[in-house]
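Visitor: These are the residues of each chain, in order.
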Amino acid sequence: MVTIELSGIKKAWEDFKLEINDLRVKDGEFLTLLGPSGCGKTTTLRIIAGFEKPDSGEILFDGKSVNELPPYERGIGIVFQDYALFPHMSVFKNVAFGLEMRRLPKAEIERRVKWALELVGLKGFENRYPEQLSGGQQQRVALARALVVEPQVLLLDEPLSNLDAKIRERLRGEIRRIQRELGITTIYVTHDQEEAMAISDRIAVMNVGKLEQVGSPLELYYRPKTEFVARFLGLSNILELEARNGVACAGKLCFPVEREGRVRIFFRPESVVIESGDDAEILDYELLPGRIRLRLELDGNTIIAERFLEELPFRPERPPRRVGLKVTRFSLL
Amino acid sequence: MRVRASKLLIFAPAAFLLAFFYLPLGSILKIGLWEEGPTLKPIIEVLSNEYHRRVILFTIGQALASTGLTLLLGLPGAYIFARYEFPGKRLLKAILTVPFVMPSIMVALGFILLFGKSGIITSLIGRDLGILYSWKAIILAHAFYNFPIVIRMVSALWQRVNPHYEEAAMALGARGWRLFWRVTLPLISPAIFASAMLTFVFCFLSFSIPLILGGYRYATIEVDIFTSIMTLLDFRTGSALAVIQIILSMAFMYIYLRALDSYAKREEQRVLQREKRLTRKELLSLKGALIGLYSLTVFIFILAPLIAVIYDSLQFNGSWSLEWYRRIFSAEYNPMFGATTFTAIKNSLLFGFGTVIFSITVGLPIAYALYRWDFRGKRLFDVLAMLPLASSSITLGLGYIALFSKTPLYYSPILIIAAHTIIAYPFVLRAVSTSLKKIRPTLWEAALSLGAREWQAFLKVELPLAAGGLIVGSIFAFAMSIAELGATYMLAKPEYTTITVAIYKFLGARQFGSASALSVLLMAVSTAGFLIIERVGEEAW
Ligand SMILES: Nc1ncnc2c1ncn2[C@@H]1O[C@H](COP(=O)(O)OP(=O)(O)OP(=O)(O)O)[C@@H](O)[C@H]1O
Ligand SMILES: [Mg+2]
Numbered sequence: 007m008v009t010i011e012l013s014g015i016k017k018a019w020e021d022f023k024l025e026i027n028d029l030r031v032k033d034g035e036f037l038t039l040l041g042p043s044g045c046g047k048t049t050t051l052r053i054i055a056g057f058e059k060p061d062s063g064e065i066l067f068d069g070k071s072v073n074e075l076p077p078y079e080r081g082i083g084i085v086f087q088d089y090a091l092f093p094h095m096s097v098f099k100n101v102a103f104g105l106e107m108r109r110l111p112k113a114e115i116e117r118r119v120k121w122a123l124e125l126v127g128l129k130g131f132e133n134r135y136p137e138q139l140s141g142g143q144q145q146r147v148a149l150a151r152a153l154v155v156e157p158q159v160l161l162l163d164e165p166l167s168n169l170d171a172k173i174r175e176r177l178r179g180e181i182r183r184i185q186r187e188l189g190i191t192t193i194y195v196t197h198d199q200e201e202a203m204a205i206s207d208r209i210a211v212m213n214v215g216k217l218e219q220v221g222s223p224l225e226l227y228y229r230p231k232t233e234f235v236a237r238f239l240g241l242s243n244i245l246e247l248e249a250r251n252g253v254a255c256a257g258k259l260c261f262p263v264e265r266e267g268r269v270r271i272f273f274r275p276e277s278v279v280i281e282s283g284d285d286a287e288i289l290d291y292e293l294l295p296g297r298i299r300l301r302l303e304l305d306g307n308t309i310i311a312e313r314f315l316e317e318l319p320f321r322p323e324r325p326p327r328r329v330g331l332k333v334t335r336f337s338l339l
Numbered sequence: 056m057r058v059r060a061s062k063l064l065i066f067a068p069a070a071f072l073l074a075f076f077y078l079p080l081g082s083i084l085k086i087g088l089w090e091e092g093p094t095l096k097p098i099i100e101v102l103s104n105e106y107h108r109r110v111i112l113f114t115i116g117q118a119l120a121s122t123g124l125t126l127l128l129g130l131p132g133a134y135i136f137a138r139y140e141f142p143g144k145r146l147l148k149a150i151l152t153v154p155f156v157m158p159s160i161m162v163a164l165g166f167i168l169l170f171g172k173s174g175i176i177t178s179l180i181g182r183d184l185g186i187l188y189s190w191k192a193i194i195l196a197h198a199f200y201n202f203p204i205v206i207r208m209v210s211a212l213w214q215r216v217n218p219h220y221e222e223a224a225m226a227l228g229a230r231g232w233r234l235f236w237r238v239t240l241p242l243i244s245p246a247i248f249a250s251a252m253l254t255f256v257f258c259f260l261s262f263s264i265p266l267i268l269g270g271y272r273y274a275t276i277e278v279d280i281f282t283s284i285m286t287l288l289d290f291r292t293g294s295a296l297a298v299i300q301i302i303l304s305m306a307f308m309y310i311y312l313r314a315l316d317s318y319a320k321r322e323e324q325r326v327l328q329r330e331k332r333l334t335r336k337e338l339l340s341l342k343g344a345l346i347g348l349y350s351l352t353v354f355i356f357i358l359a360p361l362i363a364v365i366y367d368s369l370q371f372n373g374s375w376s377l378e379w380y381r382r383i384f385s386a387e388y389n390p391m392f393g394a395t396t397f398t399a400i401k402n403s404l405l406f407g408f409g410t411v412i413f414s415i416t417v418g419l420p421i422a423y424a425l426y427r428w429d430f431r432g433k434r435l436f437d438v439l440a441m442l443p444l445a446s447s448s449i450t451l452g453l454g455y456i457a458l459f460s461k462t463p464l465y466y467s468p469i470l471i472i473a474a475h476t477i478i479a480y481p482f483v484l485r486a487v488s489t490s491l492k493k494i495r496p497t498l499w500e501a502a503l504s505l506g507a508r509e510w511q512a513f514l515k516v517e518l519p520l521a522a523g524g525l526i527v528g529s530i531f532a533f534a535m536s537i538a539e540l541g542a543t544y545m546l547a548k549p550e551y552t553t554i555t556v557a558i559y560k561f562l563g564a565r566q567f568g569s570a571s572a573l574s575v576l577l578m579a580v581s582t583a584g585f586l587i588i589e590r591v592g593e594e595a596w
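Those sequence lines, one after another, are chains A and B. Okay, so the first sequence: first residue is 7 according to this note's numbering, each after it adds one. Okay, so the second sequence: first residue is 56 according to this note's numbering, each after it adds one.
Pulled out of the complex, with its shape left as it was, chain A reads as follows:
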């Protein structure tokens, strides 16, 4: 197993610049690259795989530079967004491809293909061709094909984005299970923040070619360093306030801070507790399954709050005009 390190990586095209100063993936870790379309996730992955040469910088596997190694010598397994199954080969042949390239004996190949197909739950599909499989099944074959060669590093580029929501949820659980089972260092690319939160040890959020923040899902969710990260991971409240004597207040809502002067207070809608009172005016509200999302006005600031229905101090059918509120968890941007 292996650690991955990117340092000082730069890659430029006419209208796009990628710059990754320092990114480390620990041995056996599941790291997700998360970011909006076109931010450079695929490019980063392709640089790690060796399909794209960086203009400068180094890619280290276990501390050793792999810059000069071609993809076939890097010990990687890749799953592509379009699966990239060889259309002229059966499932068996697809999965066996990497083993044949390594000139393993036939019996060994058969044994390992069988193992890989069992791992992804596709026993008995050996003789089908890719076009005879559903999207989810193709996805599994692609995964088996990447894993069967026992790569040191598994790279997945939006492997689930072509599938419908239900299968997506099931498959991401399976990918996670298999990854844990094999303990393989994994880099996963997605632009779906929910998927990223569900599956990752750590997430690296990218924005126009740069890393915004790297951290555990909870860290990023509750303590984002930038407004971009805050907003990309979910609904956010960001208040620009003046701090004096250790507190920053919006109306009656006060936050203890250590700084003085202008501060940006960040908190999630779920961190807002609704009570009876008259701190804030309810502008409007929206019922979600089992929950309610309120838009509140507090001293010229708009605040979004989200609660379970049973936590409300009033009946959801008849909300009052004004409520009191408390924020249980916040951070500074």
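It should be emphasised that the hints constitute simulated quantities derived from the structure, not laboratory data. It cannot be assumed that every hint is accurate.
Unchecked claim - Mimicking BS3-like on lysine-lysine, the simulated pairs with C-alpha atoms at most 27 Å apart in a straight line are:
hint : chain 1 : residue 1 : chain 2 : residue 2
1    : B       : 493       : A       : 99
2    : B       : 515       : A       : 112
3    : B       : 492       : B       : 433
4    : B       : 433       : B       : 148
5    : A       : 23        : B       : 433
6    : A       : 120       : B       : 515
7    : A       : 59        : B       : 493
8    : A       : 59        : B       : 492
9    : B       : 515       : A       : 129
10   : A       : 99        : A       : 120
11   : B       : 433       : A       : 59
12   : B       : 433       : B       : 320
13   : A       : 172       : A       : 129
14   : B       : 515       : A       : 99
15   : A       : 59        : B       : 515
16   : B       : 492       : A       : 99
The model shown is predicted, which means the values in this text are computed figures rather than measured ones.
Chain A is fixed; fit chain B with the ligands onto it per the hints.
Guide: Okay, now just chain B with the ligands, sitting in the frame of chain A:
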């Protein structure tokens, strides 16, 4: 790593093109533009000669007229094919591939047998329509050759016209002609333009058809060069004409390639429209009748020359007989000036398969290098590799005589194969390029990530997936080699006579029966060749 490999890969094909296309071309330019220094004298002499001037204008004129007729015949077909599903459509589609693989000399012969003084149609309607040995026969035969191209290319785009555009336009009030004019036509015009340009270039350079159906009075530049050199032995005039032809055809080819680019871009769009299945009621309406009429016309148009040739080969002194076949196979009956029919068959096959092998050897590496690698001068290389498409067989023959006549190569069949390869390989290049481009790029990357070297990824993944293009290209190359007349005639020693050359000699001697029997044989040989290529191709990959 990449640059070196690509250089090695391209070296042999580039050397081949240099030796068998660019250097011969250079020799022609030298004869035409050089007399102790650069000069335009030969060109000016040709241009100030009334006959040659008329030939040049006629060449362009007949190409324009042929293109017009081709569009007229092809566009309705393109529409029908793109929009409707009807009984007999598959058969019609199959029939449309016949002209692609039918040697042009056989078409010319078919036209003679149909429209000649004692031709089938002439005797059916009881008078000579005056089609033969005039421009009419030429443009009719050219249309025969090219209208399937128009149908294929235009219907491919027509099917891709997103129905939503048309529906949106209809919702906005556009209908009928206005809808077609303002919405549909702009969307399919790249296909119309590209197919028309291709037709135009083919007709501009075509040789056998004007040679046989036009005669001296309706000569094209190609025929003019041929007679200048082969009958009058006037290399100066021939080369000057060739220079003029090369300049014109390169200009046309450039326009065609540009048109093809915008066509290819449109063709990539995936929205395919389902053809509408015609109901029985619709089939019996005016629409159905028109489609039926069109199909019938196509059937007759394509099959008539073919049937005429077969029929004629089986007629001897007014009754059914195999006499012509017996004659062409008998050793004493030896009208091919030095070779028997068996030798001709052997030569045709030798050149045909030789051309396939050479064309693949030249075309595949170039196609692959252009597809896979980025290198300096790539665009220029692309153009230089496609330029042979603008060369004609007579020009090529002339260039080879000028360059090689004093070398031992001149007496070897390699020269003929080389000429055929230069003519045919652009089609292999195109076909392979097209199928390579259809391969998703991630497949190659997947192969590399699984441990395959570049060459393994090529052999195991890309080549099998491009095999379709390779087979189609090979069949094309084979068909073109088998049918090639001009260069072969100019270069072949008697012992290298091919079936096509033999047919031409029979035609010259007005022995139509033997020509017909040989044509049927030619058709059989080429069909066998296609089947073999398909078989071998499918097994090899
Ligand atoms: N080969 C290339 N040549 C030029 N520009 C490129 C190339 N590959 C990528 N780019 C540009 O780099 C930028 C980042 O592309 P990349 O594919 O890495 O984005 P991404 O984050 O994976 O986006 P998506 O979520 O849409 O897949 C884009 O603006 C793209 O246009
Ligand atoms: Mg991407």
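Visitor: Can you list which hints this structure breaks, lowest number first?
Guide: Those not satisfied come down to hint 4.
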